[in-house]
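Now for the letters of each chain:
Number of protein chains: 2
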Amino acid sequence: MLGLRKKCLVTGGAGFIGSQLARRLLAQGCEVTVLDNLFTGSKANIYDLLPNPAFTFLVHDVTQPFWGQFDEIYNLACPASPVHYQHNPVETTKTSLLGIMNALDLALKTKAKVFHTSTSEVYGDPDVHPQPETYWGHVNTIGIRSCYDEGKRAAEAICADYRRQYGVDVRMIRIFNTYGPYMHPRDGRVVSNFAMQALQGKDITIYGDGKQSRSFQYVDDLLDAIELYMAKPRAEVERFFDGKGLGCPVLNVGNPGEFTMLELAQLTLKCLPESKSKLVFQPLPQDDPKRRRPDISLAKEFLGWSPKVPLAEGLPKTIEYFKRFV
Amino acid sequence: MLGLRKKCLVTGGAGFIGSQLARRLLAQGCEVTVLDNLFTGSKANIYDLLPNPAFTFLVHDVTQPFWGQFDEIYNLACPASPVHYQHNPVETTKTSLLGIMNALDLALKTKAKVFHTSTSEVYGDPDVHPQPETYWGHVNTIGIRSCYDEGKRAAEAICADYRRQYGVDVRMIRIFNTYGPYMHPRDGRVVSNFAMQALQGKDITIYGDGKQSRSFQYVDDLLDAIELYMAKPRAEVERFFDGKGLGCPVLNVGNPGEFTMLELAQLTLKCLPESKSKLVFQPLPQDDPKRRRPDISLAKEFLGWSPKVPLAEGLPKTIEYFKRFV
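Order-wise, the sequence lines are chains B and A. Be aware that the first sequence starts at 0, since it is given in numbering that gives the first Met the number 0, and climbs by one per residue. Be aware that the second sequence starts at 0, since it is given in numbering that gives the first Met the number 0, and climbs by one per residue.
This is chain B alone, in the form it adopts within the complex (with noise of 0.2 angstroms):
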């Protein structure tokens, strides 16, 4: 680090996630370059930073080169909803494939450090309970969601290889389903979904029996273990993943605890007793997304880490985000 203060840049700045790690890295003190093309991100997620001196936005693409000095770059860049990343398909793999890649020869023309969004979705539909690290998933090549899965799943291949070939100091972290304020609100999954239905009086949908499971991390537990991992020396980091016998840094962070769809709608209403939805049951969808757990062992071993926001707090925080929508 040269400068006086710490400079990061956050791809897909602009989008849920980014959005809250960039304005956690201005808390600490860092200047912070939010990069992104705005298409699922929004210039609303980051009206509050922009009149703070420490902040720059770029209107960019991360499947065109982008260039800085850094010295930690955030890779979120990619859209990851079915309904967004189906949009269009083709440009969703090469969101994640050239992104990376344009990430990675910054990061080794500069020297930054670099942080890799992965994704749950690398292990597909998987016949391991709950899924650890080591875990080599169950993914189709050529089905409808594998745009996104198999774009995901060669990102870490090349974190891997820019790390054992040029020694860039790459870590990643497989993210579950993950919520709170900043979502989008037609993201189109399960929580944006029931809370936007709650607060506009329609029913509430639920798929099948409503029995199935989901796990929910809220996003200040997922920002903590970020911090705490690009954090930790390098040499700490290498060592530890090296006596694991993982070709690279890649750490699940989810929340373990599982919910069904039906206990998500009745919290969903019990943070919004005013409501007049009734839930309403359809058929299941057939590409469903299918049920994922993390094992986390390796995060609490190696940051201390585990989730600490239970859903029964999380989520009225994320209604009352909501709100500004309807």
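Rather than coming from a laboratory, the hints here were simulated on the basis of the structure. Computed from a prediction, not measured in an experiment: that's the story for all the values here. For glycine and all other residues, C-beta sits at the position ideal for the given N, C-alpha and C.
Pairwise CB distance ranges (calculated):
no.	chain 1	residue 1	chain 2	residue 2	range
1	A	K42	B	P255	52 to 62 angstroms
2	A	A234	B	H86	23 to 33 angstroms
3	A	A234	B	A53	56 to 66 angstroms
4	B	P184	A	G187	50 to 60 angstroms
5	B	G166	A	P232	48 to 58 angstroms
6	A	Y206	B	M0	43 to 53 angstroms
7	A	G187	B	Q68	39 to 49 angstroms
Facing chain B, according to a computed beta carbon distance under 8 angstroms, are these residues of chain A, among others:
no.	residue
8	P88
9	H137
10	G142
11	A153
12	L245
Guided by the hints, dock chain A onto chain B, whose structure is given.
Just chain A now, with coordinates in the frame of chain B:
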């Protein structure tokens, strides 16, 4: 097709399979352009084609865009043997991914039909034997083979999406272990290793007890399958693969016959009765390629194809070819 003769582009056309394909396409009366960066390909593989006025050779790297008007694009550019693809893993992945993106972008611009070579490596270390096209594979995203395996998996995803999203007529084959004249003499895999050792009078190195088996496809059988596949009308291709529930036209092409390493070594020595080589046994290396055997039911059903050339016929021709390197 606007021209009088079909115009074909073969990326990786100075390599083993690419040069053989270029030779066959010329024999069929096509105009053929070969594009190769000469990393594992060699100009010597196409010396005989250079005087042909229907043949054009371009030194170029598929990670950079390429242009021209073609009726058919055959994407064969990528180092395929572990010693080659691990020489520069980052470039291996870029070759897979940027190569197919550039080929598909060119197809989109020119309405070309695309043939993409995928690989049995997308199945990784399979837990199903033999492997049908519907098997999703078992691959480590961050291991030392992942530059090739995950690059090739994501390339399949990209092909599937260019077809679904933009209507590109793309057809893939997952090639299983293939041998024949124009193989790289230092390919590092067992057919060339044994042949070169026997030709040079060196001991033939067998790892482990030599009882592990492999399947070997003679290159002419593969070329037959490619020719039959590309000649199929598009409507027939769509109907067949949609009927099989596959997200994209993809066929296993390989020889399901299995031989042990000992049998291959003995057959090699039988071809060279004057050789002074002896068999020596060494411990099995840690990342010894795993056993894979193609389920070729789909190729049989769709193309009426099955491999014709037995090892006892293909191996002598291959060894004859290798004599020029001794």
